[in-house]
Every structure is written in C-alpha cells, then in structure tokens.
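Participant: Below, each chain spelled out in residue letters.
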Amino acid sequence: MATLTLKQIRKQFGEVTTLHGIDLDIADGEFIVFVGPSGCGKSTLLRTIAGLEDISAGELAIDGVRVNDLPPVKRGIAMVFQSYALYPHMSVFENMAFGLKLAGMSKTEYTPPVTRAARVLQIEHLLERKPAALSGGQRQRVAIGRAIVQKPKVFLFDEPLSNLDAALRVQMRIEIARLHRELRATMIYVTHDQVEAMTLADRIVVLRAGRIEQVGTPIELYHAPANLFVAGFLGSPQMNFVTGSIVAIDAHGVDVALPDAQRVRVAVDAAGAQPGDKVTLGVRPEHLSLVAGGNAIAAAAIALEHLGDASVLYLQAPGTGETLSARLPALTRIAEGEVCRLGFRPEHGYLFRADGTAFRRLNPLA
Amino acid sequence: MAMVLDKTHRFKVIAAHAGLIFFLALTLFPFLMIVSISLRPGNFAAGSLIPEQISFEHWKLALGIGYTDASGQWVAPPFPVLRWLWNSIKIATISAAVILLLSTTCAYAFARLRFAGRRLGLNILFLMQMFPAVLSLIAIYAVFDAIGSYVPWLGIDSHGSLILAYAGGLALHIWTIKGYFDTIPVEIEEAARVDGATHFQAFRYVLLPMAVPILVVVFLLAFIGAIIEYPVASVLLHQEQNLTLAVGSKLFLYTQNYLWGDFAAAAILSGLPITVVFLLAQRYMISGLTAGGVKG
Chain A
1 MATLTLKQIR KQFGEVTTLH GIDLDIADGE FIVFVGPSGC GKSTLLRTIA
51 GLEDISAGEL AIDGVRVNDL PPVKRGIAMV FQSYALYPHM SVFENMAFGL
101 KLAGMSKTEY TPPVTRAARV LQIEHLLERK PAALSGGQRQ RVAIGRAIVQ
151 KPKVFLFDEP LSNLDAALRV QMRIEIARLH RELRATMIYV THDQVEAMTL
201 ADRIVVLRAG RIEQVGTPIE LYHAPANLFV AGFLGSPQMN FVTGSIVAID
251 AHGVDVALPD AQRVRVAVDA AGAQPGDKVT LGVRPEHLSL VAGGNAIAAA
301 AIALEHLGDA SVLYLQAPGT GETLSARLPA LTRIAEGEVC RLGFRPEHGY
351 LFRADGTAFR RLNPLA
Chain B
1001 MAMVLDKTHR FKVIAAHAGL IFFLALTLFP FLMIVSISLR PGNFAAGSLI
1051 PEQISFEHWK LALGIGYTDA SGQWVAPPFP VLRWLWNSIK IATISAAVIL
1101 LLSTTCAYAF ARLRFAGRRL GLNILFLMQM FPAVLSLIAI YAVFDAIGSY
1151 VPWLGIDSHG SLILAYAGGL ALHIWTIKGY FDTIPVEIEE AARVDGATHF
1201 QAFRYVLLPM AVPILVVVFL LAFIGAIIEY PVASVLLHQE QNLTLAVGSK
1251 LFLYTQNYLW GDFAAAAILS GLPITVVFLL AQRYMISGLT AGGVKG
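Chains A and B, in that order, are what the protein sequence lines are.
The first sequence: position 77 = 77 (the numbering used here), numbered continuously.
One gets the numbering used here by counting positions in the second sequence from 1 and adding 1000 to each.
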C-alpha cells in the first residue's frame, strides 16, 4: 500500500547515462508495467527503485518519504528476479522465511506467514524441497512467495515470466493478476513482452534509451500512441508504416500521397500541418482487409502465413523496401507476387509528423 | 551392449589399461620403496622392494618406543618424532584456518565490492606470490627476528612466526576462491539484500554455504602446503622440540650417517595427517551446491 514519486531520476554508470531524468507518479495499489526494447533502462529503473543501484540524481519517494539513501528492505519493497535467484542450499520453506529470520522473527512467528503464502501460491507440498528439485514455474512461485511474506509496500517484478515456457507464462500471468487483486499492493513490473504489458497493467510506461516515451493505460497506448516508437512497440504483428506526404487537409482528415503516388485518407486532426509536409502513415495489420475499393493501399504479396485462426500476409510496401503485414481471415489464398488492394477505414489510420510525434486521431476508439 | 564397436576397439582398451597401469606403478613405486625401507632392518637406501626380513626398529624409534638391537643393546629414540608430528599438525591446521578466513573475505571483496585499485591490487598480489619464498628467506628471518624483539611469541623459533609466515601466502587462494565466487550469480545475493541482509549477512548465509567445496579445497591445499613446507620452517625453527616433522626428519640424515630407515618411517608419518584431512574433506567436495538457484 504505497504511492511512489519519481522526480528527475538519473542514473549514470561512469560516463554512460542510462536514465535521463525520469518523472513518474504511481498511485497506491496501481499495477505499473515498464516496457521497452533491450537496453532501454527499464531494468535499471526498477533496480534504482529497489535500491540495488544508487540514484545518481533526482528523488525517489515512497509514501512521500524520500528513500534515495535507504537500503532495499527499509524502503518496504520486495523484488522477484528474472532468474528467480533462490537460495539453492535452502529448502523452499527456508527460502521464504529467510527475510523474516533476518528481521529477527522466531520460528513460531515466521511459520504462519510462510505457510499462508505457500497456500496462496499452491506450493505447500514443496516446502521441504530444495530449489534444484523444482520446475521453472514452481521456482518462480517460490520467488514470488519470498516477496509476499515480506508484506512489502511495493512489489517489483523484473521480467519474472521470461524464463518460462509459453503455456506456463499465460498461467502465471493470470496468477500475478489475481495476486494483485487480492493483495491490492502497488506493483511495478518490467517486461519486454507486450502481451504481458497489455494484460496486466493499469498503466504502461514505455521507455526508450533511458527516457519515458509515453505513460498511459493499455487502451490509450494502443489507440492513441504519442509517437512512432510507441505505436510500433505495442501491437503484434507490428503496426505498418509507410512514408508519404500530405496532399490535402480538411475538417475530417488528411489525404496522404504514398511514394508511388497512391492516395489514402486518414481521419486525424492535422492542425498546424501544411500540404506537402513529410509524414508517416501507420495502419495496424488487424485493420487491413482485402475488400476492394475505397481507402486502400495496393502492394505486391511476398509471403502468406497461416496461423490457424488467421492468416498473415506480407507485402512489399509501395515505393520503399519495407515489409507490410496484414492480418486476414483464415485460409485466405493469395499467390506470391500478386498485387493486392488492402483497404482500411480512415478512422483506423494513424499519422505521424516527420519528427515522429503523432497527429491527434479524430475518432481513436472507432 | 548393442553398440557396434570397431575391431581395433579391444586393442585400444588393452593399450589404455597397460598405459594406465604403467603410470600407476611409476607413481606408486617411490611410496612403496619408502614403506619397504622403513620396514627393513638397518639403514640402507638400496635393496629389493620386498624386504627379505621385516623389522619394526625404525617404526619403534619413530613412535618413541625404542628397541633392543641385535647385539642386545637398548637403542633409545634419538628424536621426538611424535612431538614433531604434533607440531606439524598444529601449525598446518592453524595456518590453513587463518589462510581460509583471510582469503575468503579478501576474495569476496575482490569479487563483489567495487573499489578503486581492485584490479591492480589483485594483480599485484598475484605477482608478489610469484616471487619464491626461498629467495626471501633471509628477509623472512630478519623480519621475524625484529618482530620477536617486540612480540616474543611471534619471534624466531616460535610456532607463531611460522603460522604468520604461512598465512602470508594466500594470493593464490584468493584467486581460486574469487574465481569460484565469480561463477555464483550475483542475483542470489541481491535477493538476499532485498530480503534485508547486510553485505556481511549475504556473504555469511548465502554465499559461503554455496562455496563450501572450494573452501574445503583451499583448506586442503593450505594444510598440505604447511605440512610439507621445508625452507621457511628450517630457517624460523631451531630448537629440536619446536621443529616440524618435515624439518625434523632431516636430522636423521647426518652427513656421515644417513639413517634412511628412520627417515622413511618419519616420512610416512608426515603423510598421515594429510591422508586423514583429505578423507574428512572429501565428503564436502560435492558438486551441484549452486544448482537450482537461478535459471541455468
């Protein structure tokens, strides 16, 4: 139960700056997910919050109290590591009880919370085992249990599911969501998996190269990305981008000319832009369809993948070498090299300025 | 065995066994020779491997019992061999314990803490260890002579001085332990820090239990090193009562009269503590202590 306030947090390793002034307010009980590509600083940010890395400049406050110089345990945080980081020489019970033992509790005091946490995580029958005798999913439960017994104000998760196989990952994801509902604790979760981010987060923080690109709910980020980077990062397959230039602007949208002179329409508020401005058109693969006529991009097919529930068509973007993708109904048949017209509704389009920032979409939830 | 084997396979197996047996014999021969010499009457280095006549006279002397020789004369033990053995065990145990304590903590600092001159310090330690102790004997003597005038129990002819001298040779052990610490994932100690452990508690309760095998190896190496060390011990220890077995048994070899039989018995005795410590240590040298802590 805690609020976090990050003010201009900076982190330097020698000459290298990995965090360039992070500002963020986290509400009590909120589930915050940090996402971003490798090396964007998301793990470093988590570790500075944990107290495993010192803060070079700026202020970190938990419940309004400055904690920059407090060791991890005094900050009231608990952390779950990507590699589990269990104590291999201790049994599951001892692993979970270690922190409480260090805090000076006696065996009669720390046994109830440990068994309670084990029951919540369904690992009661494993308490006597050593970590080596556990499966990956069980180890991760122990790591989470070790965090729970500490009764922290803030839970920190550093890519906790990335070492698990796909099926187990889904299951653990659901359990973490359930845990958040039950404990109502503030949780900060680092991942590079956008599905985890979209499903778990109250708010997502997208990071790139040590800076926050955008903070918002999953729906906001998906429908109203602030820039090209965020738009490209969330969504799978990735959003399609085609460069072009503005031809005409009116109250209901913008006409864009693609490099090979095709014209498409996007429903965005282009206030401040001029015809002739260089822009980037964005369309999500799931919004493209093979319906002929209307607002469409013509492109040559490269390959077709059948996923069972859908087919993903890859095409050569007009005028550039980029690959486009379109999520089409299952069992679609298209020959390689065939030119297809991929239609989309103007309100489904995104448009970005030359500097990467997005134009406001007129009807984002359409 | 359903595996299909080449016809030359059988020959290769025989050749390998023959080679192994040959090297085994080569290794065991000197040891068997010493056993033989210690059981042979008289003091002869040469002779057949299997003694024609078994005599326990050398062993009786070594164990401080004494015996009546062929002419009916009582031969008293010339030297306190058991006392030397005790000295050796005492010095080796204490110095190995001190070495273990210092090199483990040093290795932790070098492996985990960040401080100026870390890399330089490690290399300097290692380079200094390269310098043979034998070449600095005179310096060692002078140093302990000076120390002795202030702290008598660390001066020349004290066991304290020898223990201190041995404890100085820990650079190699620091490297060994640091190498092992480096293989243990840092996250495990970070988890301990998050659990509320101080640096020392993370070291004591998390890192050390995982490092038991390497600590046992280092203790063993330090122990063996101290038992068999001759040059430094011969310079620092003088009185007959104070000698270690390695230095003392040399007294059986007068210039005019080499008492090979007595020497052999003493030599085998000095192997005894090493064997015992090794057998005790063996069960701690297990692998897989760090398994399961992190995703491999």
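FYI, nobody ran anything at the bench for these hints, they're computed from the structure.
Because the structure is a prediction, the values reported are computed rather than measured.
Here a beta-carbon is modelled for each residue, glycine too, at the ideal position from N, C-alpha and C.
Hints are supplied without guarantee of correctness; some may be wrong.
Covered stretches of chain A (in silico footprint by chain B; criterion: 3 or more residues with CB under 8 Å from a CB of chain B, positions within the stretch not fixed) [as the list claims (entries may be wrong)]:
{"#": "1", "segment": "72 to 79"}
{"#": "2", "segment": "87 to 93"}
{"#": "3", "segment": "97 to 104"}
Participant: Evaluate each hint against the coordinates.
Facilitator: Hint check:
1. 72 to 79: holds (count 5)
2. 87 to 93: holds (count 3)
3. 97 to 104: With 4 residues closer than 8 Å to chain B, the segment 97 to 104 of chain A meets the three-residue bar; holds.
Consistency with the previously given hints is maintained throughout, with no hint failing.
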